[in-house]
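Could you build the full structure based on these sequences and the hints that come with them?
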Amino acid sequence: MTHDTLPRLLARNAEQYSQDIALREKDRGIWNEMTWTDYANTAIACAAAFDVLGVGKEDAVIILGDNRVRLYIAMVATSMLRAYAMPAYPGATLAELQHFVGEAHVVAAVAEDQEQVDKLLDLRQAGNGSPAMIVYDDARGMNDYTASGLRSWDDFIALGQKALADDPALRDRLINAANPKDPAVFMHSSGTTGKPKGIVLSHANMIAGANNAHAGGAFDTGEEVVAYLPMAWVGDYALSVGAAIAHRFTISVPERQETVQRDMREIAPTFYLAAPRTWDNMLTLIQVGIENSTPLKKWIYHFFMDRSVEAEKRKLKGVPPGPLDRLGRMIGEWLVFGPIKDQFGLTRLKNAFTGGEAIGEDTFVFYRGLGIALRQFYGQTETNAFTAVQTADEVQLHTVGRPLPGVEARIADDGEILLRADNVFAGYYNNPDATAEALEDGWLRSGDAGYLEDDGHLVVLGRLSEVVYTKDGERYVPNYVENRLKFSPYIKDAAVIGAGRDQLTAMVCIDFESVGHWAEVKGVPYTSYADLSQRDEVADLLKQAYERVNNVLPEALRLHRFVSLPKEFDPDDGEITRTRKLRRKVVEERYSPVIEALYDGASEVHIKAEVTYETGETGFVERTLPIREV
Amino acid sequence: MFYRLSGVRHSSYVSDRRMFQVPADRNAVIILLMIGLAAPFLIPSLYLNSYVLPWLIWTAAVLGLNLVTGWAGQLHLGYAAVMAVGAYSAVHAARFGIPWEFALLIGGLSSSVIGSLFAFTALRVKGLYLALTTLAMQFVMDWVLTHSPTITGGSHASLQSPPFALLGQEITSDAGLYYVALGWCILVTIFMLNLKRTGLGRAWVAVREKDFAAAILGVNSFYYKLVAFAASSFIAGVTGAILVATFYFLAAPEQFAVNVSIQVLAMVIIGGLGSIIGSYMGAALILLMPGVVNQVFSAFAGLIGLELSIETLAHIPNAAYGALIVIFLMVEPLGLGKLYANIRDYLMIWPFDQLKK
Numbered sequence: 007m008t009h010d011t012l013p014r015l016l017a018r019n020a021e022q023y024s025q026d027i028a029l030r031e032k033d034r035g036i037w038n039e040m041t042w043t044d045y046a047n048t049a050i051a052c053a054a055a056f057d058v059l060g061v062g063k064e065d066a067v068i069i070l071g072d073n074r075v076r077l078y079i080a081m082v083a084t085s086m087l088r089a090y091a092m093p094a095y096p097g098a099t100l101a102e103l104q105h106f107v108g109e110a111h112v113v114a115a116v117a118e119d120q121e122q123v124d125k126l127l128d129l130r131q132a133g134n135g136s137p138a139m140i141v142y143d144d145a146r147g148m149n150d151y152t153a154s155g156l157r158s159w160d161d162f163i164a165l166g167q168k169a170l171a172d173d174p175a176l177r178d179r180l181i182n183a184a185n186p187k188d189p190a191v192f193m194h195s196s197g198t199t200g201k202p203k204g205i206v207l208s209h210a211n212m213i214a215g216a217n218n219a220h221a222g223g224a225f226d227t228g229e230e231v232v233a234y235l236p237m238a239w240v241g242d243y244a245l246s247v248g249a250a251i252a253h254r255f256t257i258s259v260p261e262r263q264e265t266v267q268r269d270m271r272e273i274a275p276t277f278y279l280a281a282p283r284t285w286d287n288m289l290t291l292i293q294v295g296i297e298n299s300t301p302l303k304k305w306i307y308h309f310f311m312d313r314s315v316e317a318e319k320r321k322l323k324g325v326p327p328g329p330l331d332r333l334g335r336m337i338g339e340w341l342v343f344g345p346i347k348d349q350f351g352l353t354r355l356k357n358a359f360t361g362g363e364a365i366g367e368d369t370f371v372f373y374r375g376l377g378i379a380l381r382q383f384y385g386q387t388e389t390n391a392f393t394a395v396q397t398a399d400e401v402q403l404h405t406v407g408r409p410l411p412g413v414e415a416r417i418a419d420d421g422e423i424l425l426r427a428d429n430v431f432a433g434y435y436n437n438p439d440a441t442a443e444a445l446e447d448g449w450l451r452s453g454d455a456g457y458l459e460d461d462g463h464l465v466v467l468g469r470l471s472e473v474v475y476t477k478d479g480e481r482y483v484p485n486y487v488e489n490r491l492k493f494s495p496y497i498k499d500a501a502v503i504g505a506g507r508d509q510l511t512a513m514v515c516i517d518f519e520s521v522g523h524w525a526e527v528k529g530v531p532y533t534s535y536a537d538l539s540q541r542d543e544v545a546d547l548l549k550q551a552y553e554r555v556n557n558v559l560p561e562a563l564r565l566h567r568f569v570s571l572p573k574e575f576d577p578d579d580g581e582i583t584r585t586r587k588l589r590r591k592v593v594e595e596r597y598s599p600v601i602e603a604l605y606d607g608a609s610e611v612h613i614k615a616e617v618t619y620e621t622g623e624t625g626f627v628e629r630t631l632p633i634r635e636v
Numbered sequence: 228m229f230y231r232l233s234g235v236r237h238s239s240y241v242s243d244r245r246m247f248q249v250p251a252d253r254n255a256v257i258i259l260l261m262i263g264l265a266a267p268f269l270i271p272s273l274y275l276n277s278y279v280l281p282w283l284i285w286t287a288a289v290l291g292l293n294l295v296t297g298w299a300g301q302l303h304l305g306y307a308a309v310m311a312v313g314a315y316s317a318v319h320a321a322r323f324g325i326p327w328e329f330a331l332l333i334g335g336l337s338s339s340v341i342g343s344l345f346a347f348t349a350l351r352v353k354g355l356y357l358a359l360t361t362l363a364m365q366f367v368m369d370w371v372l373t374h375s376p377t378i379t380g381g382s383h384a385s386l387q388s389p390p391f392a393l394l395g396q397e398i399t400s401d402a403g404l405y406y407v408a409l410g411w412c413i414l415v416t417i418f419m420l421n422l423k424r425t426g427l428g429r430a431w432v433a434v435r436e437k438d439f440a441a442a443i444l445g446v447n448s449f450y451y452k453l454v455a456f457a458a459s460s461f462i463a464g465v466t467g468a469i470l471v472a473t474f475y476f477l478a479a480p481e482q483f484a485v486n487v488s489i490q491v492l493a494m495v496i497i498g499g500l501g502s503i504i505g506s507y508m509g510a511a512l513i514l515l516m517p518g519v520v521n522q523v524f525s526a527f528a529g530l531i532g533l534e535l536s537i538e539t540l541a542h543i544p545n546a547a548y549g550a551l552i553v554i555f556l557m558v559e560p561l562g563l564g565k566l567y568a569n570i571r572d573y574l575m576i577w578p579f580d581q582l583k584k
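Protein chains in written order, with this note's numbering: chain A, 7 to 636; chain B, 228 to 584.
Hint data in this document are derived by calculation from the structure and do not stem from the laboratory. Watch out, some of these pointers could steer you wrong.
Here are a few chain A residues that sit away from chain B, every Cβ distance over 12 Å (derived from the structure) [claimed, not checked]:
#1 Arg14
#2 His111
#3 Gly155
#4 Gly344
#5 Gly453
#6 Glu553
The calculated lysine-lysine pairs, modelled on DSBU-like cross-linking and capped at a C-alpha distance of 30 Å, are [to be verified]:
#7 A/Lys321 x A/Lys304
#8 A/Lys591 x A/Lys203
#9 A/Lys303 x B/Lys565
#10 B/Lys565 x A/Lys304
#11 A/Lys549 x A/Lys614
#12 A/Lys203 x A/Lys63
All C-beta atoms, glycine included, are put in the ideal place defined by N, C-alpha and C.
So this is what it looks like as structure tokens:
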């Protein structure tokens with residue numbers, strides 16, 4: 007039997023590594039474990055149940071909820087039936103789900119809990135009655151639901167087990183039904199520039215992606231991984247299902263999103279992939295923690311950390327560390343770095359990655375200084391997340407490493423990165439125009455601007471559409487400046503403006519938690535986010551962050567004026583994507599009066615910003631914002 | 228700094244209730260245990276048998292008193308009396324020809340019976356009144372011991388303990404006696420360590436915090452107080468017997484007089500109520516500190532060439548030792564055990580000052 011699809015690989019694991027732990031999920035403080043045998047049996051029972059209920063080729067199943075073991079199993083089961091598993095963000099709005107229903111033949115949904123079931127029932131009512139079948143994982147609060155086609159996971163699996171018992175040949179048929187070209191998962195592009203497009207990744211894509219990444223040194227066999235990334239993000243599927251099955255990872259699902267940090271500590275993963283934002287958040291936690299510590303501990307921390315970071319910066323420039331650096335690292339590791347890493351469960355980390363967007367240099371160097379071999383990777387949904395990674399001994403700040411073995415990269419005449427590999431998808435779902443635009447003779451247009459260095463390292467400058475020029479023709483990527491700003495623990499989001507202008511300005515959202523804490527310590531009174539963000543004391547705090555950034559930026563790219571926004575960027579308002587990437591167009595449109603005021607020399611601006619509440623209702627935040635000079 | 232918690236997880240509630248949740252704690256215990264086992268080869272036998280051995284035995288006694296005072300919250304001022312019961316019954320049993328294993332058991336059980344009989348009446352009152360009643364028990368026992376020649380041989384006599392033997396093997400060597408004390412101390416420690424993991428231990432804690440609140444929760448507070456006295460008395464009895472068999476070699480009434488009761492209680496309070504490591508530290512401080520302070524003072528006096536009279540030399544260390552106890556209790560009223568816990572907490576979250584969530 008060839009192992010060319012995920013179900014077949016899963017069956018192989020169940021056979022050869024039957025007692026190894028495949029999945030863990032925390033429930034009331036206890037990690038419930040599943041071996042590969044349990045995993046395969048449950049997935050097959052789930053597929054059998056779908057089969058009995060008539061789910062088949064070309065049908066789609068929505069997977070809605072936070073990371074849950076059962077939702078992962080349902081995705082694998084769906085792919086056994088050659089159907090599309092469509093994971094959605096747990097915070098997806100009705101409109102977003104309606105988009106899913108509109109583009110494919112959705113027959114069923116697997117939901118995490120009552121909240122998601124409610125959403126699906128709304129979806130049913132709002133549309134043509136699909137999804138007709140809803141399976142829910144957590145039965146809490148579901149007793150009084152009488153809607154048709156609603157099943158608990160246990161009933162659902164029992165149904166499948168009965169079908170398997172009745173038909174002994176069904177098991178093998180389910181394992182072998184899918185072919186390598188059949189869909190493994192139905193993802194959506196992140197949609198920074200418009201409506202998300204459907205992206206179908208086949209089993210062949212998945213396995214090629216996992217094998218290429220493995221060959222490229224991204225991970226080893228049998229990694230310990232915490233599945234905390236949103237299930238609708240390709241990175242999570244590619245790791246927690248694709249690579250996990252192909253290379254036998256142990257996947258641990260945290261109890262809840264809020265407990266990720268503590269659960270991470272209990273698992274102590276060996277592989278950790280996070281968006282720069284997550285690394286930034288962790289950095290903020292560390293910085294705030296140290297800031298609140300005693301002077302002695304603060305001094306010890308800075309003594310070792312500052313030296314280590316300096317040594318790391320020199321190392322990245324090619325200067326090997328001297329004996330003093332190594333001694334400092336050794337003592338620092340024992341005294342400071344080790345305990346900090348322990349608090350966050352990073353002690354066993356061998357393969358740490360940042361990807362998804364550019365990481366701030368300071369953040370990157372900080373973690374390397376801490377002794378975490380943080381590396382950059384580059385990938386997109388269309389290539390199943392794996393395109394290029396840095397190997398452990400080739401870490402550089404400005405590159406993302408070499409293209410993985412099996413991935414070809416070249417640069418188009420306009421500077422766009424083109425990619426060709428087995429893990430590149432076959433085309434956007436039911437969207438020939440977009441497909442034609444993206445795929446040309448098997449080469450994928452990545453949409454990113456970049457270049458290849460002489461030694462084969464790929465440099466990504468940013469989205470092609472985002473590379474902009476100031477009035478004087480100075481080329482820059484706003485994201486680059488924004489990431490530098492976000493290194494400050496007090497700044498959560500930033501939008502840098504300056505395309506076609508004579509100077510750069512910025513709008514920032516303060517980090518409510520750390521600024522709020524700072525305000526409490528300093529005795530600065532405030533009532534709300536909107537109030538706190540506009541206070542003069544906070545403005546001074548932000549000014550320091552700007553000055554620090556200005557010091558490292560070239561003269562032409564310095565920031566001159568800024569506004570602190572009275573609300574955070576929110577995916578519900580469309581200002582950022584659910585993976586928290588800035589939707590620049592939306593932001594620039596929505597805050598156009600602010601932007602105008604930033605350039606016409608006004609000292610304040612009146613704005614009225616629309617906010618969408620969690621219930622879906624909208625309201626307005628109206629305020630006069632002072633404009634500050636750096 | 229030394230405490231690393233990442234990777235500690237539980238896949239069942241049984242594992243979640245393991246005795247040592249923190250690997251560093253378990254390692255520390257293992258290292259201490261190894262030092263304890265190797266002590267006869269590391270420490271000269273004079274020090275071993277005149278300092279370490281009594282320290283271990285008194286620690287077992289302190290743990291027993293801590294059970295009733297620290298865990299169940301009942302003040303007990305007659306602890307030495309209960310120890311006396313065990314010591315005399317065991318020695319008499321051994322003299323009668325009963326093997327020491329059973330003699331120790333008889334000592335423990337008789338203490339337990341007398342202790343709980345007494346508690347049965349004493350527990351009709353609470354708090355300071357209970358303290359006074361237990362003190363009365365001490366005096367009654369003192370009187371009985373000095374006035375019953377059949378038990379003690381008379382007021383100024385002492386009762387020779389037969390040579391100690393276990394499993395038919397006579398134990399006379401210094402190392403052998405040390406291991407007996409160590410074994411008993413470890414046994415009691417393991418029992419105490421497990422208390423907090425049992426319903427019994429939790430019931431005692433509930434009674435300690437507020438006995439009628441515990442009663443509302445369905446904990447029969449009188450019953451649990453009685454069990455606390457019985458269990459503590461058993462430990463006291465066996466400890467008393469081992470003290471006589473391995474350290475004093477003869478039993479005399481003044482070994483179990485009221486000042487001994489007060490001293491054990493002092494060990495408990497300085498060590499910390501309800502703290503196991505504190506019991507070790509408290510016993511060490513009260514038992515070993517006078518000697519250490521004495522030596523330090525005479526060495527210091529010799530160093531600066533100060534001619535101190537014998538009288539002053541005898542009193543200054545006593546004063547210093549008293550001051551030390553006062554200082555310790557002022558720094559941390561909850562005892563040395565709490566002091567240790569503070570340091571442990573400090574290192575646990577190092578280099579942060581507090582943890583979020």
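Exercise. Could you check the structure against the hints above and give me the numbers of any it violates, in ascending order?
Key: 4
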